[in-house]
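Chains as they are written, first to last, in the numbering used here: chain A, 1 to 52; chain B, 1 to 443; chain C, 1 to 266.
A few of these clues could be false.
Listed below are the simulated DSS-like cross-link pairs for lysine-lysine, each with C-alpha atoms no more than 25 Å apart in a straight line [said to hold, decoys possible]: (1) Lys162/B x Lys47/A; (2) Lys161/B x Lys45/A; (3) Lys38/A x Lys161/B; (4) Lys41/C x Lys42/B.
Calculated Cβ distances over 10 Å to all of chain C for the following chain B residues [stated by the list, open to error]: (5) Ile122; (6) Val319; (7) Ile327; (8) Arg331; (9) Ile394; (10) Pro412.
These are computed hints drawn from the structure, not numbers from a lab. Note that the coordinates shown come from a computational prediction; the quantities given were computed from them, not determined experimentally. Glycine included, C-beta positions come from ideal geometry on N, C-alpha and C.
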Amino acid sequence: MFPFNFEWIWDAGHIVFHGGLWYALTILGLGITYCIIKAALDAAKGKGSQHH
Amino acid sequence: MDSALIPKGVKRCPAWQFIMWIGANGAVLTWGVFALLLVYFKGLNQTNMNNAYGFALWIWADLAVIALGGGAFFTGFLRYIVGKDELKNIINYAVLIGFICYSSALMILGFDIGQPLRGWFIFWHANVHSMLTEVAFCLTAYFGVLAIEYAPLVFENRMIKKVPFFHNLSHNMHEIMAVFAATGAFLSFFHQGSLGGVPGVLFGRPFGFREGVLVWPWTFFLFTWSAAAAGPCFTILITKITEAVTRKKLVKDNVIDLLAKISGWMLFFYIIAKIGDTLYWANVTAPSKGSTFMDFYTSSSGSAYGLWILFAEIGVCGVLPALILIIPKLRKTQATLWLAVILAVIGLCLNRWVMVLQVLAIPVLTFESWFTYFPSWQEIATTILPVAYGVIMISTSYRYLPIFPQERELNPIDEPAAPPEVAESEPEPTDAGPEPELSPAES
Amino acid sequence: MENAKKFGMVIDLDKCTGCGACMVACMAENNIPFRADNTDKMLSISWMHVYKLNNRKLFPDYEECYLPRPCQHCEGHGGHSPCVSVCPATATDYDMDTGIVSQIYPRCFGCRYCMAACPYHVRQFNWWDPLWPDGMEKMLNPSVSVRMRGVVEKCSFCIQRYQQAKDRAYMEGRREIAEDEYQTACTQACPAGAIVFGDLNNPEHAVHQLAQPDPARHGHSKNPRAFRLLERLGTNTKIYYLSSREWVRKAGDNYLEGEFKSKAHS
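Isolated chain A (complex conformation):
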């Protein structure tokens, strides 16, 4: 899973597989982080409580 695992090899298989995986995980991670931070900032500004 990580380059420091002893069975890791820098070959095409590992680069393609883990490249795709970490790419997807990064998008998900950044996306959800953005949502949470923005929600907290908006809440601090008082947004959301005047919804109704």
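With the hints as your guide, set chains B and C onto chain A.
Relative to chain A, chains B and C alone:
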């Protein structure tokens, strides 16, 4: 009792009835959990698997629920990427069904291994050349996507929504939902395919083995395709069952019709590809290994692995539902629509069964004979467990969350006749806005 | 790889009497667990299993043959053996230096995908915890780790003996080990001398002379008496069987009608 949690403007059964219903399903769930604990503490000797049947009922259940849960990624793909806007009225439910399917699959994988405490090795010591590794990674990551897609719906609960943070979070997540949906479609394409690759790469098993492109055998593409085709049928089927149980119309016909039409054409082209694959395998691949087509099917009557299983999968549960769903008149008729989605779901399950169990049943060494297997009660109980869990999840979500955006419009409640507890537990001033909480995707 | 070895076996089915000594020796050497009732062979473990074949004819034409089946140590093409490539946790490995397919027990988490991949049913699962009758645990082979419940195990070509032989050679200042320094337990136990073990890459080893592997055809034997199990699947195994009887050689693989041609005539 729990009326403060129930969405505004919809009618739900009394609390006692709901509790009884959950209790009945909870009993089934408890039975499954008991069997699960037996398996955990005593080991896999609690199953009827053996050295010939290393894969059995559980792996089939895994493959089947993941394929059925494919309705979530494909509906999401159509809704957010292709832009089929009407599907916003069923996407919530597709996501919920997908969430249940994938959490069940992960749970089953968790106890289907001999050393559950080492389950994390599949990630840590990943062999990138194994189809199962790809399945594990993509499945777990996609489960994360489903959780992200389901979470805003939970935040739309009347009480949770009052917390500004959750309200904003839900709003923000909806805004970039297309990004999540696209990532989900990418992950789904690979893990649905990798599940097809599981039997497809077994070159020691001529029944499962297929040629293909690069590292992917044909079954890789067939599995993804069939999940995208029949997954939405499962979404429609569960929607129809929910409508029957609640005795309410929850999704408009044009929405169901659109999904059924797309599903029908997908199924139609899938089944052509599947027939082509079967013909090529039977006439080229298998004979090149010295096997004839009939070596893979038992001729004895009443056998679990007779030719009937191929005709059932491809004909009755493949061609027939595809034709029903692409002919507008049949698709719009309730009885034939029901028939088509049920057959398509059975066909998908049969395909997964054949590609796992029959692969192992067939003797490859000339001096061995067919292997038989029937699951133990522990295996059956743990396989029914996700069904009970799913019913509880759906019932609870339906009761407390605005899953069906069209429910209020289709089932208007006369204001004076509204249940009094709904009115009295309404602390905030009612705004008669265009039900923003019932169509979260658009809020 | 220079000087790479390819350990393999030749089993002469004309000599095998089906006595089962190879199975017993293997059980003892490799600490293979057993249960009070070991009758269900689909649930019990035997790295070496002796099959009883017959020619499917009636008396007086009836004939039978015993076929010992250890792990076939498939090389596939370029080390792509059926089981190694599918293991999700890298718990099994094809060693290019020895040609041995190994199994790492503490790494295996028991998904059993390798069992599904192996057409020879060589890979077997520990359905129960290994329990030894009182006192017997003192007779376990200290060079072989016992396995825990929930993992897959299989024949290792007695790899501990190879390690010991190499250690001994190193201590004596030698780089290479002799043919008789590394022999599997089943080979030594066979009273009929039906099993021959050695380096298939070494022309001086008996196993090479009997098997006559053709490198141009993925190790296909040039010996007209020899065959390998399910060779047509491309598993490229390292166990060669010898038989002078045509029906036995034919039983080693699947053939379409009229497809099987005896090598003696081809």
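message = For each hint given before, does the structure comply? Return the numbers of the non-compliant ones in rising order.
response = Number 5 - this is the single hint that the structure violates.
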